[in-house]
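Q: Please arrange chain B on chain A, whose structure you already have, making use of the hints.
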Amino acid sequence: DTAVSQTPKYLVTQMGNDKSIKCEQNLGHDTMYWYKQDSKKFLKIMFSYNNKELIINETVPNRFSPKSPDKAHLNLHINSLELGDSAVYFCASSRVVLDRGRKEGEAFFGQGTRLTVV
Amino acid sequence: DAKTTQPNSMESNEEEPVHLPCNHSTISGTDYIHWYRQLPSQGPEYVIHGLTSNVNNRMASLAIAEDRKSSTLILHRATLRDAAVYYCILRGRFGNEKLTFGTGTRLTIIP
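Chains as they are written, first to last, in the working numbering: chain A, 1 to 118; chain B, 1 to 111.
The following block holds chain A by itself, in its conformation from the complex:
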């Protein structure tokens, strides 16, 4: 069973189009993330949701809108796609455990969605 699954795996689309990437996790985690990895391989966080609430929004253009219908899903909708949006997008979810009163967690990542805007 895939822990964090993203669809589609590949997405090729024209400039100006609107597209969505879906993410689902079956781990029972309460926090989900979207990361972007550009052509230089830098991985950077875009959004984080905890229990369906947005907790991190890292100066991402308004054209990007995450939506979390429930704790197991975090979808990413992108309006008016631009050439610079071409990248690999990774969804992740986080496990939080209690350790001597502290919280710590490990993140599980999906396989990525390679978006190419032409």
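Simulated from the structure, these hints should not be mistaken for lab results.
Every residue, glycine too, gets a C-beta built ideally from N, C-alpha and C.
Among these hints, one or two may not hold up.
[As the list claims (entries may be wrong)] Stretches of chain A that chain B covers, calculated by requiring three or more beta carbons in the stretch to come under 8 Å of a beta carbon on chain B: (1) 41 to 47; (2) 107 to 114.
[What the hints assert, rightly or not] Over the 10 Å line for every Cβ pair with chain B, so calculated as not near, a few chain A residues: (3) 17; (4) 18; (5) 28; (6) 62; (7) 65; (8) 77; (9) 86; (10) 118.
A: Showing chain B alone in chain A's frame:
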């Protein structure tokens, strides 16, 4: 965010131990040290994490300096499947904080 410094690349022979260093001189008292790796064409994968004491799991060992300003990820017997980019990341006390990835160390395994 406290930063980490890693060598850009390292090579190691197959079936030999690998020691991947990481410097984090500005680490705070409540920062955990996490290691992730990214195999080619895959998403990042959790490897190990620790706070103060050395840690072992089925994938690797993590040796943390006494002053916590550096750490070393140890792969005891490298295989070709361990070829990946390894990221050393400091993560705050609360587990759902973001992971801030640096440039990592690209590990090449020589057959």
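Q: Indicate, hint by hint, whether the structure satisfies it.
A: Cross-check of the supplied hints:
Counting residues of the stretch 41 to 47 of chain A whose CB falls under 8 Å from any CB of chain B gives 5; the rule of at least 3 is met. Here the stretch 107 to 114 of chain A counts 6 residues with a CB under 8 Å from a CB of chain B, which clears the bar of 3, and the coverage holds. Distance to chain B confirms residue 17(A) as a non-interface residue, since its nearest Cβ pair spans about 25 Å, more than 10 Å. The Cβ of residue 18(A) lies farther than 10 Å from every Cβ of chain B, with a closest approach of about 25 Å, so its non-interface assignment holds.
The Cβ of residue 28(A) lies farther than 10 Å from every Cβ of chain B, with a closest approach of about 14 Å, so its non-interface assignment holds. Listed as outside the interface, residue 62(A) is consistent with that label: its C-beta sits roughly 20 Å from the nearest C-beta of chain B, beyond the 10 Å cut-off. Here residue 65(A) stays apart from chain B, with its beta-carbon at least about 19 Å from theirs, past the 10 Å limit. With a least CB separation of 20 Å from chain B, residue 77(A) remains clear of the 10 Å interface cut-off, as annotated.
No beta-carbon of chain B is positioned within 10 Å of the beta-carbon of residue 86(A); the least distance is around 16 Å. For residue 118(A), the condition that its CB be more than 10 Å from all CB atoms of chain B holds, with the nearest at approximately 21 Å.
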